[in-house]
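The listed protein sequences derive, respectively, from chains A and B. Using this note's numbering, the first residue of the first sequence is number 8, and each one after it goes up by one. Using this note's numbering, the first residue of the second sequence is number 26, and each one after it goes up by one.
Source of the hints: derived by calculation from the structure; they are not laboratory data. Among these hints, one or two may not hold up.
[As the list claims (entries may be wrong)] Below 16 Å or equal to it, Euclidean Cα-Cα: the simulated EDC-like pairs (lysine to aspartate or glutamate) are:
hint, chain 1, residue 1, chain 2, residue 2
1, B, Lys123, A, Glu92
2, B, Lys94, B, Glu78
3, A, Lys64, A, Glu75
4, B, Lys95, B, Asp108
5, B, Lys94, A, Glu109
6, A, Lys24, A, Glu75
7, B, Lys94, B, Glu40
8, B, Lys51, B, Glu80
9, B, Lys123, A, Glu51
[Said to hold, decoys possible] Computed spacing ranges between beta-carbons, pair by pair:
hint, chain 1, residue 1, chain 2, residue 2, range
10, A, Glu21, B, Asp32, 37 to 47 Å
11, A, Ser60, B, Pro136, 43 to 53 Å
12, A, Arg103, B, Arg79, 44 to 54 Å
13, A, Arg88, B, Glu80, 18 to 28 Å
14, A, Ser60, B, Thr102, 39 to 49 Å
We treat Cβ as the ideally placed atom computed from N, Cα and C, and that holds for glycine.
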Amino acid sequence: GAGVSQSPSNKVTEKGKDVELRCDPISGHTALYWYRQRLGQGLEFLIYFQGNSAPDKSGLPSDRFSAERTGESVSTLTIQRTQQEDSAVYLCASSRGALNTEAFFGQGTRLTVV
Amino acid sequence: SQQGEEDPQALSIQEGENATMNCSYKTSINNLQWYRQNSGRGLVHLILIRSNEREKHSGRLRVTLDTSKKSSSLLITASRAADTASYFCATDGGSWGKLQFGAGTQVVVTP
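This is chain B alone, in the form it adopts within the complex (with noise of 0.2 Å):
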């Protein structure tokens, strides 16, 4: 079973337009983190927000968390064609070590 579900599914913009996307978990969480993936191979770390935070920002990236509601969101600002990709979000349910991940949202970046 997948720990987290990301909404949307799929999320289609222009170039310049900000893209949100929602996180929700089932169980308590150390942390929580965002991937990216492209073409379908590896995934990189883009954010870790930790239970005790409830917003970070890493350049263009900002995540909230909201531990009571079980959900998280990542914003993208001033989206580029360069971050079409898949997101995910991730949790270690509590239990560290075995990170959990969500089926993702696709996000498809037009110019």
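Same shape as in the complex, but just chain A (with noise of 0.2 Å):
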């Protein structure tokens, strides 16, 4: 696609269910980043990609906390028995995977935990 998207936009939920949060990369991009940003505060790494595969998911906050990708496409964030503290703005960027290329982001799904 000509972007990255992420759906839903808006998500409010009741405490104790489950989400699930979808990115859409840009086509060819093998990098994939997963960001959590509480209202007003810096962006909190995740997880990220690379094809299929997760190098790094130190930044995970619990085990409530998963993410996958599939096809070195499109990935899903999921948050099981969510907490009010999950509220937040969960954001996903892509890129080409090379050293020394810049990230490009989508518009983010608000997650309300009610």
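Could you fit the two chains together into a complex? Lean on the hints.
Below, the structure written as structure tokens:
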């Protein structure tokens, strides 16, 4: 596609429910990143993929968070048993995967846990 | 933990003035990047400076990098109201793929 697409753009869920966030990267981009941004804060690194592999999962906040990527394309970030502190904007970015290349961001998914 | 830390946290200037913000980081890097974010949503890439470069220009933007001090600065010249945004620096921490961002500088440009 022309840009990084994330869905849904907004999600309101009840505490304890599971949510799935989707990211469609730019076609041909091998690297894909997930970040979390709480209101007024910076970007918190969660995980990145090179192809379908995730070399670094150290940023995932807890075992309630998981992510996968298939076909070197779409990625999903799943949050199980959501908590109120999970409320944030979840941003996805992709890049060509070579050294010294820029990342392109989607518009994010605003998650509100009530 | 955040690799980059921006300074100041907030900056308020008038149109036509220059805006300067700084970024400090902790580990070795391959490159340092600056991004802009409007309205708390997607970030837009502004400029990338490689570790062996000292200065780079793009339009009204000027970025410097001092690897000995582990710091970078972003200068926006002749600012406009449309430059109102949050600005973030990002580094790969020398470990390609793990692009980490600082807390950002919120810039407000008043007409």
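Item to check | Hints that the structure is at odds with (numbers, increasing) | outcome: 1, 4, 5, 6, 7, 8, 12 and 13
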